[in-house]
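Novice: Using the sequences and the accompanying hints, generate a full structural model.
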Amino acid sequence: MKKMKAVYQSRTLRLVGGVTMAVMLAACTQNGGGTNTTSKEAVDGGNSTPPASAIEYDPARTGGLELPLSAEPITYSFFIAERADAAVSSDWPIFRAMAERTGVDIRFEPAPGAGFEEKRMLLLATQSVTDFFGSLTGSLARQYGPDGVFLDLKPYMDEGLMPNIKAWYEKYPDATVVSTAADGGIYSVPTFSEENYISFSWMARGDVMDELGIEQPGNTDEFYDMLKQMKAAYPDAYPFLPISTAPIGRIGLYRDFAQMFTGIDGMLGYDREADEYRFAAEDARFVDMLTYLHRLYEEGLMDPEFALLQSNQFDERMLSGKSLVTHHFKGRVSQFNSKARQADASTDYRLVPMAPFAAEGVKPFQFIKPVVFDAQSIALAADVKQPEIAVQFLDYLYSDEGTDYTNYGIAGKNYEVNGGEVRYLEEEPDLLVPNLRKEGVLYDSIRMAAFDKSRQARVLSPEDAAIDELQQPYIVDSVPLMVATEEEAELEKERLANLTKHLEQKLTEFVMGKTAINDESISQFVREANQLGAAELVEMYNTQLERAGE
Amino acid sequence: MKIKTSMASRVFDAFNVTLMLILAAVMLYPIVYVASASISNVGLVVNGTVKLWPRDLTFIAYERVFADPFIWLSYGNTIRYTVIQTAATLLVTSMMAYPLAKRRLLGRRTILLFAAATMLFNGGLIPTFLVVKQLGLIDTIWAVIVPTLINTWYLFIMRTFFEQLPEELEEAARIDGCGVMGTLLRIVMPLSKPVLMTIGLFTAVTQWNSFFDALIYLNQKELYPLQIHLRNIVIAGTAAAQSQGSAGDDEIMLLETVKYSTIMVAALPILCVYPFIQKYFVQGTMIGGIKG
Numbered sequence: 001m002k003k004m005k006a007v008y009q010s011r012t013l014r015l016v017g018g019v020t021m022a023v024m025l026a027a028c029t030q031n032g033g034g035t036n037t038t039s040k041e042a043v044d045g046g047n048s049t050p051p052a053s054a055i056e057y058d059p060a061r062t063g064g065l066e067l068p069l070s071a072e073p074i075t076y077s078f079f080i081a082e083r084a085d086a087a088v089s090s091d092w093p094i095f096r097a098m099a100e101r102t103g104v105d106i107r108f109e110p111a112p113g114a115g116f117e118e119k120r121m122l123l124l125a126t127q128s129v130t131d132f133f134g135s136l137t138g139s140l141a142r143q144y145g146p147d148g149v150f151l152d153l154k155p156y157m158d159e160g161l162m163p164n165i166k167a168w169y170e171k172y173p174d175a176t177v178v179s180t181a182a183d184g185g186i187y188s189v190p191t192f193s194e195e196n197y198i199s200f201s202w203m204a205r206g207d208v209m210d211e212l213g214i215e216q217p218g219n220t221d222e223f224y225d226m227l228k229q230m231k232a233a234y235p236d237a238y239p240f241l242p243i244s245t246a247p248i249g250r251i252g253l254y255r256d257f258a259q260m261f262t263g264i265d266g267m268l269g270y271d272r273e274a275d276e277y278r279f280a281a282e283d284a285r286f287v288d289m290l291t292y293l294h295r296l297y298e299e300g301l302m303d304p305e306f307a308l309l310q311s312n313q314f315d316e317r318m319l320s321g322k323s324l325v326t327h328h329f330k331g332r333v334s335q336f337n338s339k340a341r342q343a344d345a346s347t348d349y350r351l352v353p354m355a356p357f358a359a360e361g362v363k364p365f366q367f368i369k370p371v372v373f374d375a376q377s378i379a380l381a382a383d384v385k386q387p388e389i390a391v392q393f394l395d396y397l398y399s400d401e402g403t404d405y406t407n408y409g410i411a412g413k414n415y416e417v418n419g420g421e422v423r424y425l426e427e428e429p430d431l432l433v434p435n436l437r438k439e440g441v442l443y444d445s446i447r448m449a450a451f452d453k454s455r456q457a458r459v460l461s462p463e464d465a466a467i468d469e470l471q472q473p474y475i476v477d478s479v480p481l482m483v484a485t486e487e488e489a490e491l492e493k494e495r496l497a498n499l500t501k502h503l504e505q506k507l508t509e510f511v512m513g514k515t516a517i518n519d520e521s522i523s524q525f526v527r528e529a530n531q532l533g534a535a536e537l538v539e540m541y542n543t544q545l546e547r548a549g550e
Numbered sequence: 551m552k553i554k555t556s557m558a559s560r561v562f563d564a565f566n567v568t569l570m571l572i573l574a575a576v577m578l579y580p581i582v583y584v585a586s587a588s589i590s591n592v593g594l595v596v597n598g599t600v601k602l603w604p605r606d607l608t609f610i611a612y613e614r615v616f617a618d619p620f621i622w623l624s625y626g627n628t629i630r631y632t633v634i635q636t637a638a639t640l641l642v643t644s645m646m647a648y649p650l651a652k653r654r655l656l657g658r659r660t661i662l663l664f665a666a667a668t669m670l671f672n673g674g675l676i677p678t679f680l681v682v683k684q685l686g687l688i689d690t691i692w693a694v695i696v697p698t699l700i701n702t703w704y705l706f707i708m709r710t711f712f713e714q715l716p717e718e719l720e721e722a723a724r725i726d727g728c729g730v731m732g733t734l735l736r737i738v739m740p741l742s743k744p745v746l747m748t749i750g751l752f753t754a755v756t757q758w759n760s761f762f763d764a765l766i767y768l769n770q771k772e773l774y775p776l777q778i779h780l781r782n783i784v785i786a787g788t789a790a791a792q793s794q795g796s797a798g799d800d801e802i803m804l805l806e807t808v809k810y811s812t813i814m815v816a817a818l819p820i821l822c823v824y825p826f827i828q829k830y831f832v833q834g835t836m837i838g839g840i841k842g
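Chains A and B, in that order, are what the protein sequence lines are. Everything in the first sequence is counted per this note's numbering, starting at 1 for the first residue and increasing by one. Everything in the second sequence is counted per this note's numbering, starting at 551 for the first residue and increasing by one.
By construction, these hints were calculated from the structure, which means they are not laboratory data. Some hints here could point you the wrong way.
[Unchecked claim] Here are the computed lysine-lysine pairs in the DSS-like style, where the Cα-Cα straight-line distance is at most 27 Å:
1. Lys369(A) / Lys385(A)
2. Lys322(A) / Lys601(B)
3. Lys683(B) / Lys385(A)
4. Lys438(A) / Lys453(A)
5. Lys171(A) / Lys369(A)
6. Lys385(A) / Lys154(A)
Specialist: What follows is the structure in structure tokens.
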């Protein structure tokens, strides 16, 4: 077994960053500490401070920000959700390097990924937010910002203190829409990811397909034939294993098949053809979807426990050959392959991606992830000390220089530049992202923009390259960006969770044969769903869509 | 002389023993499984080959756990919180329970009612948080100790236990020149070992396992107890965690067996405490409980 590289760097590591930046750093003895102070206190971290003139920078790469941002070292607290696979550390080399460049030190206050939502709500409700408040959704910022929890960034943007963020906003006007609160203030800044990013992929066991001579399915009927052939060859297997039964959202059995049979993005979602939101059960083709899924279940082509699976059972079935096909995060293809090799180095196990497919007469497509990602926004506390410096450091995280740190890491250590091309130094593709993340690179809520940098610097495994290539012809723009008013958000909160649960349960009863599939039962299903708010929600989404169009 | 046992009695015994063995197996299986999985090849654990005994022995999961500096830090924190809380709880609870066990105490009923009220009502999360914040306890060890210092239920168990102690012993102590504090510390407390052990163990286990107070009251990672770390690792990768990982595309990538090794590391010490306290255990809860 390959032994993982030691991941923790010396805690006192000082790294001088920036081959690409062609910078020279004056020796400065900044004290990286500040860990024993309370959140709102200004911290005088250094014994000596770097004189302003000592730092050379390229205004083009800082977007015009003048470095250092602060002549006196200053420390800000930063709330962030901690990933279980990569512990947050205030001593991360990239933050040491950024501190040397900007004079701004960050002290993280991480909340564990499991439980951070509770903590976030408590901090918001008691107005105890940290200076920098990450892992925030745009809707929470819009809600709590006007109450005086967060700093209104708009005046600073207008003043020209945030040139980089302003440029991102100009490039992607959606950002203004998602971050402007009811009072006209901008209290948070979203993440700007990358264009044409695909999250999911169908995947199947390539070794089994080759063995049985199965081609990639072009539509749902061919998919059925494929499963049928697999079942014939492996009678103990249940070839198709769905990731979940979610009817609404980004992925899930009912969501996926609603799209494949009706063209609607989920049981209740956006219909691209009609350019409106619709309830899939009211579509004439809904009955085909139910019949199809029922058939998969009846004939043992789909795992009979599809509605009850835990994630570890899911992994077990995919790896042990009990299941052969699924629709999942695209990264799973290489993950499963490497896990299978770990268990048995000589295995034939080979998961391959499949192109999207749909029912006859429905165009298969794959949504791309929106560039403006407001579920991962960042805000500043209303009472942050020295707000001019804080907003500039926030802006720095969106600058060319700042996103080099958050996407690439430290030059010479994590990456190198050859003839203008950036390449990561980690050679093991499976370890690249986990290892970078342990140093704060590619970390959610820290990497705020320019995600495409990391894609370009990365050597894709053949499997991963194949996924993108396969999907390119099918990608369509993401669902139009919409913003809910406070009442609408309230309505959604009240209705959506219950409705989703109800749909999930009733659809499962159809699929498992507990409810017969006929006109009467379907119209009853529609009636019940509408009583629970399906129609109301569709109407609300369409109002939002109309507003967004204006 | 051999006592003849009836057939029915022997059948009953056999049935009893079988049932207990099955129960013991049910209890033991998860522990054995976690222990085995933690030292097995991760691939074999994930694809379900490991059922009971370890396969393809490897200690990489433990290497990972021990390579994390925070595990030791949080371990130390947990031990610190547990020891301090247990000692403080025993002291403070007995100091309150002892006078309440005396019938001549003025306003005894009222005080008991006030104490009992906290079993039914509490301030709620946000008001409690605000109180803790205004007392300046946030981000200190006291935030996880003071709010849960006295548990009314333990207080009642202890009071009932104290009521059983013969009054004459205390009178004898007083005649020999012992003050009130002295009577409590030198006579009553040593006689109350069972109840102290029981409540001490309850408190220690609760504190050892608690994470929510630490989650909300502590901001610095350096103060986090082990359970926060453990919970983060164990819950990661489950459906609940996936759906809330709003960035979405980045699944948590964690060696599955690290979950198991972390569980072992976190649970073993507290598990080891039980056998030593067992003998006081039944005695302590029963005496307090029945007459309470």
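Novice: Give a verdict on every hint.
Specialist: For each hint, the structure was consulted:
Using a Cα cut-off of 27 Å, the hinted pair Lys369(A) and Lys385(A) is violated, with the two alpha carbons roughly 36 Å apart. About 16 Å separates the Cα atoms of Lys322(A) and Lys601(B), which keeps this hinted pair within 27 Å; it holds. Distance hint between Lys683(B) and Lys385(A) is fulfilled; the C-alpha atoms sit about 20 Å from each other, no more than 27 Å. Among the hinted pairs, Lys438(A) with Lys453(A) is consistent with the structure: their alpha-carbon atoms are about 18 Å apart, no more than 27 Å.
A distance of roughly 17 Å separates the Cα atoms of Lys171(A) and Lys369(A); the hinted pair therefore holds under the 27 Å criterion. Between the alpha carbons of Lys385(A) and Lys154(A) the distance comes to roughly 17 Å, so the proposed pair stays at or under 27 Å and holds.
In this structure, the one hint that does not hold is number 1.
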